[in-house]
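Participant: Use the sequences and the hints to build the structure in full.
With the UniProt record's numbering, letter number 19 in the sequence shown gets 19, and the count goes up by one each step, no holes.
FYI, nobody ran anything at the bench for these hints, they're computed from the structure. Only a predicted model underlies this, so the values are computations on that prediction, with no experimental measurement involved. Just so you know, not all the hints are guaranteed correct.
[Unchecked claim] Subject to a maximum C-alpha distance of 30 Å in a straight line, what follows is the list of computed DSSO-like cross-link-like pairs (lysine-lysine): (1) Lys133 to Lys259; (2) Lys259 to Lys137; (3) Lys133 to Lys296.
[To be verified] Between beta-carbon pairs, the in silico distance windows are: (4) Thr485 to Ala396: 31 to 39 Å; (5) Asp491 to Lys133: 21 to 29 Å; (6) Val252 to Ser225: 34 to 42 Å; (7) Glu293 to Ala463: 42 to 50 Å.
A virtual CB, placed ideally from N, CA and C, is assigned to each residue, including glycine.
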Amino acid sequence: MVKWGEIPEYDPLVRMSTVHPLSDANDPPTFSSNKTFSPVSIKHFRWFPSYRSLTAVMLCMCFASIHMMNGNMGMAIICMINETTIDNGTTVAEVDPQTAPKVNWTPEEQGYIFGAFNAGLLCMLITGFMADKFNAKWMIIVSVLLASAANVMIPLTSQMHVNYAITARFLVGLADSLTQPALNSLLTRWFPSSERSYALGVATGGRQIGTLLIVPTAGALCNQSAFFGGWPSIFYLSAFTGIVFVFIYLLVGADKPSKQSCISTGELSYITLSNSSEDVGKKRTEREVPWLEILKSGPVWAALISVVCHEFPLMTMIMFLPSYLHDVYHYDAQQNGIMSSFPTACLFVAKLACSYLNTWMHKKTTWNITTISKVLNGVGSAGLALFMVAATFLDASHASLAVVFLCFSMAFTGLHTPGCQAALVAIAPAYSGAITGLTFFFVAISGMINPAMTKWIVRTGSAAEWNLVFYISTVIALLPVVIFTLWGSADVQSWARSPSYNEEKNKKNIKVISYTTTDNVA
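Facilitator: What follows is the structure in structure tokens.
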């Protein structure tokens, strides 16, 4: 059995379906490439057994750096805001020459800052199309450099006017809009369909790694003044990690396997063989994105709506968990940073475990890939909603138990990775960038609504206000239980297959019919 990330030994006696799941067992696929595929035997290594494994780790690092730069505001804003006021509304602050000055942003302005990030994500409708047409490696590099520059901009300009911070957060969102479609495009080019769920879990797990790194670090940086005066160091450190990633990725990254000079012939053959029917990673000057088929597809809309409903409560947790723990459970900055990281850690572990579970179920059970995705997605949505609403019944005297419930909530969220998120890539691999862009365009709209709604509801920071926010997120989290279960799919759609694949299938069908006719005549 071939483990994820390893290169299978070539065995001409092995049925083709064990290597190429989209091909018939007795008929190897036709290649349009002129490359010759010869028998290869390659040793299996524990660390980076293949260049695919290294690619997944690099994408994980990319998401970690990006999410450090877009997730730092949730913690930093607690340290940035001057909360000392007097009755006439003017602000009074004790001046410390070693500490960076605080800002006087209203709750509405804070909502605009969080919403600006999601406004930048609206550009994903365009960047998604770009990811399928252009070099995804350079899209990732540009996105990380843009996010780094925007993070440096925040501490330099926040004292001038709130609009500068809003602009910087918009640029961070724009950078993120380049990353997600590029990731999905790279996944379809570098990984066979049987490995994509786990690769997606590893890569997007970088978001949780980034949060785990920045939230407790930001809490510690808030309580010091020696390093850039306190809160500005949060943004400078985040930008530095982005620059480090770009330097590494320039050396080892590649848009697709055929452009990577260090990849072995055996691994290149395996990837090309496995993905031959999907027409990914090729210049399709004669093939346009089938927008009409995409917009008419029930599985596309089921996956799209499910991802949006999954992201909405996740945004609430990512953007406002530090504020929630501060307002309702009264954690100080350092404790808040630690407690806020626990749910994120659970989400990261659950993503990897659930992606592996998906692979195991696919090999060990008789369920097809769509059934597995629907079951995992439904359980994830139900668990997320159950424990999220359970936390609202606990007050400050049960703060630790509330954090435990939130950890369970995020753990169930990990089931969405092999569920609706994997389906989003699986239903049309050749157009994964375009479909991802369309999906996250709506995610961005919901992301603009989320912080504006939350800041409109949470005026005083009372438990009742936060509970209402959680109730709304709970209802939205439950919608995929119905939508994805009824209309979702993780199978490649007929309109998304390459013309060469459909021609081969037609030839096989004609051959079978001719044999049947001959038998009947005889």
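Participant: Hint by hint, note whether the structure agrees.
Facilitator: Structure-based check of each hint:
1. Lys133 to Lys259: Holds, at roughly 15 Å.
2. Lys259 to Lys137: holds (11 Å)
3. Lys133 to Lys296: holds (22 Å)
4. Thr485 to Ala396: 31 to 39 Å: About 38 Å separates the Cβ atoms of Thr485 and Ala396, which means 31 to 39 Å holds.
5. Asp491 to Lys133: 21 to 29 Å: Since the Cβ atoms of Asp491 and Lys133 sit about 25 Å apart, the hinted range of 21 to 29 Å holds.
6. Val252 to Ser225: 34 to 42 Å: holds (38 Å)
7. Glu293 to Ala463: 42 to 50 Å: Between Glu293 and Ala463, where Cβ atoms are some 48 Å apart, the hint holds.
Going through the hint list in order, the structure satisfies each hint without exception.
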